[in-house]
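Asker: Produce the entire structure from the sequences given, and follow the hints as far as they go.
Protein chains in written order, with this note's numbering: chain A, 9 to 467; chain B, 463 to 630.
Some hints here could point you the wrong way.
Under 8 angstroms between C-beta atoms, here's a sample of chain A residues computed to sit facing chain B [unchecked claim]:
| id | residue |
| --- | --- |
| 1 | L53 |
| 2 | D55 |
| 3 | R59 |
| 4 | G356 |
| 5 | P359 |
| 6 | P370 |
Note that these hints are calculated values from the structure, not bench results.
Ideal Cβ positions, reconstructed from N, Cα and C, are used throughout, including at glycine.
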Amino acid sequence: MIIRRVLVANRGEIAVRVLRTCRRLGIETVLAVAGADADSVPARLADHTIRIVPGGGAAGLAAAYLNVEAVVDAAAAAGADAIHPGYGFLAENPRFARACEAAGIVFIGPGAEVLEAAGDKLAARRHAAAAGVPVLPGGLVTAEAGEVAGRIGYPVLVKAAGGGGGRGLRVVGDPGQLSGAVTMASAEADAAFGDPRVYLERYVSRARHVEVQLLGDGENVIHLGDRECSVQRRYQKVVEEAPAPRLGETLRVSMRAAAVALGLHLKYQGLGTVEFVVDTEREAFYFLEVNARIQVEHPVTEMVTGLDLVAEQIAIAEGRGLRRSQASVSFGGHAIECRINAEDPADGFRPSPGTVAGAAFPAGPGIRVDTHVQAGSAVPPQYDSLLAKLVVSGADRPEALRRLRSALARCRIDGVATNLAMHRALAADEEFAAGGVDTSYLTRWVQREPPSVRAEIHG
Amino acid sequence: MDLTNEDVADVLALLDSLPYDELDLQTTRFRLILRRTPDGWTQSAQVLSAPNPIATTTDDAGQARAGQTGEVSGAGGVEGEAGGATAGLVAVRAPLPGTFYRAPRPGAPPFVEVGSQVSADTVIGIVETMKLMNSVPADAAGTVAEICVANAEFAAQGTTLLLIRADP
Numbered sequence: 009m010i011i012r013r014v015l016v017a018n019r020g021e022i023a024v025r026v027l028r029t030c031r032r033l034g035i036e037t038v039l040a041v042a043g044a045d046a047d048s049v050p051a052r053l054a055d056h057t058i059r060i061v062p063g064g065g066a067a068g069l070a071a072a073y074l075n076v077e078a079v080v081d082a083a084a085a086a087g088a089d090a091i092h093p094g095y096g097f098l099a100e101n102p103r104f105a106r107a108c109e110a111a112g113i114v115f116i117g118p119g120a121e122v123l124e125a126a127g128d129k130l131a132a133r134r135h136a137a138a139a140g141v142p143v144l145p146g147g148l149v150t151a152e153a154g155e156v157a158g159r160i161g162y163p164v165l166v167k168a169a170g171g172g173g174g175r176g177l178r179v180v181g182d183p184g185q186l187s188g189a190v191t192m193a194s195a196e197a198d199a200a201f202g203d204p205r206v207y208l209e210r211y212v213s214r215a216r217h218v219e220v221q222l223l224g225d226g227e228n229v230i231h232l233g234d235r236e237c238s239v240q241r242r243y244q245k246v247v248e249e250a251p252a253p254r255l256g257e258t259l260r261v262s263m264r265a266a267a268v269a270l271g272l273h274l275k276y277q278g279l280g281t282v283e284f285v286v287d288t289e290r291e292a293f294y295f296l297e298v299n300a301r302i303q304v305e306h307p308v309t310e311m312v313t314g315l316d317l318v319a320e321q322i323a324i325a326e327g328r329g330l331r332r333s334q335a336s337v338s339f340g341g342h343a344i345e346c347r348i349n350a351e352d353p354a355d356g357f358r359p360s361p362g363t364v365a366g367a368a369f370p371a372g373p374g375i376r377v378d379t380h381v382q383a384g385s386a387v388p389p390q391y392d393s394l395l396a397k398l399v400v401s402g403a404d405r406p407e408a409l410r411r412l413r414s415a416l417a418r419c420r421i422d423g424v425a426t427n428l429a430m431h432r433a434l435a436a437d438e439e440f441a442a443g444g445v446d447t448s449y450l451t452r453w454v455q456r457e458p459p460s461v462r463a464e465i466h467g
Numbered sequence: 463m464d465l466t467n468e469d470v471a472d473v474l475a476l477l478d479s480l481p482y483d484e485l486d487l488q489t490t491r492f493r494l495i496l497r498r499t500p501d502g503w504t505q506s507a508q509v510l511s512a513p514n515p516i517a518t519t520t521d522d523a524g525q526a527r528a529g530q531t532g533e534v535s536g537a538g539g540v541e542g543e544a545g546g547a548t549a550g551l552v553a554v555r556a557p558l559p560g561t562f563y564r565a566p567r568p569g570a571p572p573f574v575e576v577g578s579q580v581s582a583d584t585v586i587g588i589v590e591t592m593k594l595m596n597s598v599p600a601d602a603a604g605t606v607a608e609i610c611v612a613n614a615e616f617a618a619q620g621t622t623l624l625l626i627r628a629d630p
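Answerer: Right, here's the structure in full:
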């Protein structure tokens with residue numbers, strides 16, 4: 009089929025990103041909006057907007073984009089023949105994918121079965137193992153958590169089966185803390201995901217987070233290279249790059265092959281990511297999870313491959329199959345992305361909703377800015393704090409880093425607090441510049457750096 | 463705005479060879495300001511085209527309802543402040559704008575009820591702002607006299623969440 013009219017069921021920078029590709033492909037766009045988003049930059053860029061009506065007033069706004077029936081109804085009322093869910097909200101909700109199908113609307117993403125397999129972390133772990141992908145020693149916590157933990161060896165990580173976003177995660181150093189941690193993690197997981205199941209895995213203390221981008225059509229699966237996502241705080245990614253720097257070539261090749269093997273095993277259809285933890289001491293990698301959606305950090309892959317990943321998603325959704333072979337995907341240069349958030353690093357990363365008074369971004373060769381904010385934009389407290397993604401590329405990592413520093417110096421967002429000063433200081437940090445930092449780097453760095461970050465913010 | 467990164471790059475390539483330090487381009491749909499700085503160019507874009515809503519039967523009703531509820535919760539905050547000022551009660555206010563939760567998770571008993579004894583560090587609720595859960599401490603010792611914002615309601619920054627009759 010040919011998709012002619014798409015409902016974009018999201019907000020913020022990803023809504024702008026999806027609208028751009030649709031416009032380029034000549035696809036008509038309808039943006040689903042709630043509350044103040046009716047007047048947002050994406051609302052102005054879309055051909056049409058349609059209000060999602062979930063009820064519930066200001067608190068209901070937080071849930072508007074999560075309402076399966078309201079979003080499907082909006083798509084039907086708008087005469088859309090497909091829905092692009094972006095990331096977050098309904099992007100990986102199997103019930104939503106089924107509701108789209110029942111309404112005769114194409115869901116731009118993998119099928120409900122794949123979403124179910126990826127959404128249940130334990131099921132995903134089983135699939136990974138079945139596909140021959142290395143998984144960390146671990147298992148489901150039933151009655152005797154101590155026995156499982158004893159077999160794995162301490163420290164262990166307690167994880168939620170329905171998990172994601174770091175919620176329900178706990179590191180346990182010794183047997184005495186285990187049962188308390190399991191109870192807490194289970195309650196947190198039940199509250200957040202409606203699923204109290206938790207499982208244990210060996211905790212990797214010096215870990216890097218590297219992921220592989222996949223594209224599949226249900227029969228064939230190719231990879232679009234890897235991304236480094238180790239610069240994190242509270243399990244939230246802050247800086248990403250492609251390719252992962254200082255990764256042994258054997259490791260890189262094996263990870264890419266493992267991701268493709270898992271994609272083939274899942275008969276993966278659409279765009280997806282396989283996340284791995286790299287144990288830097290053992291020089292080994294293990295399966296972490298599958299993200300069955302377009303990701304925030306996809307632009308770094310686009311910059312090193314020259315591909316438009318949203319266009320690839322649409323082509324797969326139209327049933328046109330993979331349009332390129334693995335051999336035809338070429339990689340060039342290095343790209344780095346900074347997530348510019350409305351939060352104040354000088355005040356414990358306190359969220360900073362409000363109104364953007366003014367915004368200026370860098371422009372020039374090798375610089376891309378994905379954003380939904382301009383002077384007057386509302387930054388509502390109901391949604392995440394991402395304001396913009398600054399993405400730079402260069403012929404190699406040193407050139408990308410030089411460009412990043414210069415580009416960051418030209419970023420200005422007024423009216424809300426941002427983490428720009430932190431990004432500037434990070435880009436100047438020697439350890440980051442050397443490449444290959446682990447997931448504890450940012451937290452350590454923040455503890456070391458606050459005074460200078462604060463000085464830059466207020467000085 | 464139809465301007466892509468590639469369009470901006472093309473305009474910049476042209477500008478680079480010219481002696482100008484600023485370009486201010488405005489059409490009915492967008493405004494783009496490019497400025498030359500010692501570090502390179504900056505861009506400030508403004509999408510000017512108006513949104514184009516599809517009329518649906520529920521559209522107006524939904525808009526009206528959302529607006530109304532917003533006003534009601536705003537009014538609640540003002541009443542709470544008045545009550546706090548008159549009766550010698552201490553107001554616990556929302557530290558950030560966000561959704562107020564009275565219990566640690568759905569279905570769990572609330573942190574506090576009217577009549578609960580609290581100390582300064584007793585958690586009385588959670589305010590969720592930008593997907594971050596912020597515990598709200600009582601900040602005063604005493605007895606909960608009134609709960610001013612219902613569970614899962616939105617609270618503007620500074621809204622009185624509840625009132626505490628402070629211990630003498």
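Asker: Indicate, hint by hint, whether the structure satisfies it.
Answerer: Comparing the hints with the structure gives:
no., hint, result
1, L53, "holds, 6 angstroms"
2, D55, "holds, 7 angstroms"
3, R59, "holds, 5 angstroms"
4, G356, "violated, 10 angstroms"
5, P359, "holds, 4 angstroms"
6, P370, "holds, 6 angstroms"
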